[in-house]
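In case you want the letters, here they are:
There are 2 protein chains.
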Amino acid sequence: MSDALPPEFSLIGKYFRPLAGPGSLDLRDDAALLTPPPGRDLVLTVDAMVAGVHFLPDDPPDLVGRKLLRVNLSDLAAKGATPLGYLMTVSTPRGTPESWFAGFSAGLAHDQAQYGVTLLGGDTTSTPGPISLSLTIIGHTAPGMAVHRFGASAGDGIWVTGTIGDGALGLLAATGRLDDPDGYLAGRYRLPRPRVGLGIGGVASAAMDVSDGLVQDLGHICRASGLGATIQAADVPLSPQARAAGAAWLETCLTGGDDYEVLMAVPPAKESALRDAAAVLGVPVTKIGVFHPGASHVTVLGADGEPLTLAKGGWSHF
Amino acid sequence: MSDALPPEFSLIGKYFRPLAGPGSLDLRDDAALLTPPPGRDLVLTVDAMVAGVHFLPDDPPDLVGRKLLRVNLSDLAAKGATPLGYLMTVSTPRGTPESWFAGFSAGLAHDQAQYGVTLLGGDTTSTPGPISLSLTIIGHTAPGMAVHRFGASAGDGIWVTGTIGDGALGLLAATGRLDDPDGYLAGRYRLPRPRVGLGIGGVASAAMDVSDGLVQDLGHICRASGLGATIQAADVPLSPQARAAGAAWLETCLTGGDDYEVLMAVPPAKESALRDAAAVLGVPVTKIGVFHPGASHVTVLGADGEPLTLAKGGWSHF
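Chains A and B, in that order, are what the protein sequence lines are. Mapping the first sequence onto our numbering, position 97 (from 1) lands on 191, and the numbers just tick up by one. Mapping the second sequence onto our numbering, position 141 (from 1) lands on 235, and the numbers just tick up by one.
Please keep in mind that the hints were generated in silico from the structure rather than gathered at the bench. For each residue, glycine too, the CB sits at the ideal point set by N, CA and C. Careful, some of the hints might be misleading.
To be verified - Distance ranges between label pairs, derived from CB positions:
1. B:Gly238 - A:Glu192: 47 to 53 Å
2. A:Ala207 - B:Gly396: 51 to 57 Å
3. B:Pro237 - A:Ala236: 20 to 26 Å
4. A:Ala236 - B:Asp329: 52 to 58 Å
5. B:Ala196 - A:Ala367: 34 to 40 Å
6. A:Pro401 - B:Pro237: 53 to 59 Å
7. B:Asp120 - A:Asp370: 51 to 57 Å
8. A:Ala367 - B:Ser104: 53 to 59 Å
9. A:Arg271 - B:Val377: 55 to 61 Å
10. A:Ala207 - B:Gly238: 27 to 33 Å
11. B:Pro131 - A:Ser193: 40 to 46 Å
12. B:Ser247 - A:Gly189: 38 to 44 Å
Claimed, not checked - Below, a sample of chain A positions facing chain B; criterion: calculated Cβ distance under 7 Å:
13. Leu127
14. Thr139
15. Gly146
16. Val147
17. His204
18. Asp217
19. Thr221
20. Pro222
21. Pro224
22. Ser228
23. Gly238
24. His242
25. Gly245
26. Met302
Let the hints inform the model, and build the full structure from the sequences given.
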């Protein structure tokens, strides 16, 4: 005969324990135990997601779970790290239906299997506010092989994976402000595609994932590396759906967030290695510009070769 | 000339970067880098804290920061682990005054110095709800020396550090429902005293920190270890202030939360080792009962030797 536990514990047992992997102690302890892979560096990152800020309150819970995991996997991918495990906090308003937990954990289970990562530990609490989530992920790299924001050199090319702008347009589509006939754009907003397994260690001299907008995030690499950057707007890869939205949305694509593609500095001598690494994943990579000496500006050149003036994005021409 | 960044970045630079330590990359990257101490096991745990649930909305922000760190340090202490570093998410409503960030980070800085731990990484976001925080802490132990909830044996004594019940009474005091002439009880609620450095590896056969109430948490060790437990209410150490509150509050002390003391199973042969470990920290330790074979009940005996019937606490006499 076992004594009754509060409802928190049955939710954990039913929905979160099945996600738990090695070192989690089956979520039955106060802490997880991890024997680090010998001789590897650990790479750690954390992101919070709040309903109404980072996802829409009526987003399907399985996609919320998958997005929470994927935005963190994306950070690891941009460091060249292999995912290992994660810890998570889940704060929900009283009355959150059990179906939300069922969907949320099913989404996590799906993506755990896809990306080879398991739950190490967590904390569930109530909140008088909206659903608030955090996820800390742990990955590993060979010693000294993690890729940082710093490290780019003048002359390195500026490269991106996939297509840029779909996430920002997708938020507009998901909230009824932009046509999205096939649902592709909203899908890109709701479900990032982290480039896990893109082997950029030893290939990219600097990298980060594009989460706050291409121009602003490129500015981060510029500042960290002490360089300027110039990109050609016409070379920024857009999806057919983003092109169909029309040229009026170009600035949104360049400065919007939620792309979760990898932005890289790649020395010319490493370009073929990058193409090989991308081919393994079947991910397109595109050169959009070059780093150069100078102030930590990002200059975006239009089709006429003149700099564009962008109203937003951590960038000003003046 | 550096281009302007959103206000988020100036808050990070002003208040969080000074907390950053080795591996944080000065909070200028998307991920932290940690070379694990060779040949050590890592111990990881995470807790969320939400204003209005885990702390009072008008609690001084420095104490909120310190409590956030300390509740996690307490988990590590109960595993016998040495703290290494932490990652954190901070979600605040728009309009949160800069003074809140100043106080919050000052509290963290104070306790980082006290407990020898530094910030590895984090994420700051806005929220339409109350302040929501999460903290993931990483510690380490000698291989195989982490103490778990499981592992207690029949005949092991049940021991606690410090005094029990002050946190629960302190919440009542802090909200005006209990007299607290010297402010001690409210202070115990607002500022836990994690028993970092208590060397229980190889001493305690099982342990956890008391955060959800002594009786409930002892029940966790019972279930994980497959044992019953009997404690003597009269042996549970109470502070003079808790004794002054009167016998009517005994059940609150036994079943309330927020103690952040260490609850341990200690074999008789290890009792002197426990006393030695506690003496290093200057922390009192008290034996309050014994584990025995049987169903995973927690029985609390009153002064008359008869079991008490507690209305709350994951425990039922029936």
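Hints and how they fare:
{"no.": "1", "hint": "B:Gly238 - A:Glu192: 47 to 53 Å", "result": "violated, 38 Å"}
{"no.": "2", "hint": "A:Ala207 - B:Gly396: 51 to 57 Å", "result": "holds, 52 Å"}
{"no.": "3", "hint": "B:Pro237 - A:Ala236: 20 to 26 Å", "result": "holds, 23 Å"}
{"no.": "4", "hint": "A:Ala236 - B:Asp329: 52 to 58 Å", "result": "holds, 54 Å"}
{"no.": "5", "hint": "B:Ala196 - A:Ala367: 34 to 40 Å", "result": "violated, 47 Å"}
{"no.": "6", "hint": "A:Pro401 - B:Pro237: 53 to 59 Å", "result": "holds, 58 Å"}
{"no.": "7", "hint": "B:Asp120 - A:Asp370: 51 to 57 Å", "result": "violated, 33 Å"}
{"no.": "8", "hint": "A:Ala367 - B:Ser104: 53 to 59 Å", "result": "violated, 38 Å"}
{"no.": "9", "hint": "A:Arg271 - B:Val377: 55 to 61 Å", "result": "holds, 59 Å"}
{"no.": "10", "hint": "A:Ala207 - B:Gly238: 27 to 33 Å", "result": "holds, 30 Å"}
{"no.": "11", "hint": "B:Pro131 - A:Ser193: 40 to 46 Å", "result": "holds, 43 Å"}
{"no.": "12", "hint": "B:Ser247 - A:Gly189: 38 to 44 Å", "result": "holds, 43 Å"}
{"no.": "13", "hint": "Leu127", "result": "holds, 6 Å"}
{"no.": "14", "hint": "Thr139", "result": "holds, 4 Å"}
{"no.": "15", "hint": "Gly146", "result": "holds, 5 Å"}
{"no.": "16", "hint": "Val147", "result": "holds, 6 Å"}
{"no.": "17", "hint": "His204", "result": "violated, 22 Å"}
{"no.": "18", "hint": "Asp217", "result": "holds, 5 Å"}
{"no.": "19", "hint": "Thr221", "result": "holds, 5 Å"}
{"no.": "20", "hint": "Pro222", "result": "holds, 5 Å"}
{"no.": "21", "hint": "Pro224", "result": "holds, 5 Å"}
{"no.": "22", "hint": "Ser228", "result": "holds, 4 Å"}
{"no.": "23", "hint": "Gly238", "result": "violated, 9 Å"}
{"no.": "24", "hint": "His242", "result": "holds, 5 Å"}
{"no.": "25", "hint": "Gly245", "result": "violated, 10 Å"}
{"no.": "26", "hint": "Met302", "result": "holds, 5 Å"}
Of the numbered hints given earlier, the model fails hints 1, 5, 7, 8, 17, 23, 25; all others are met.
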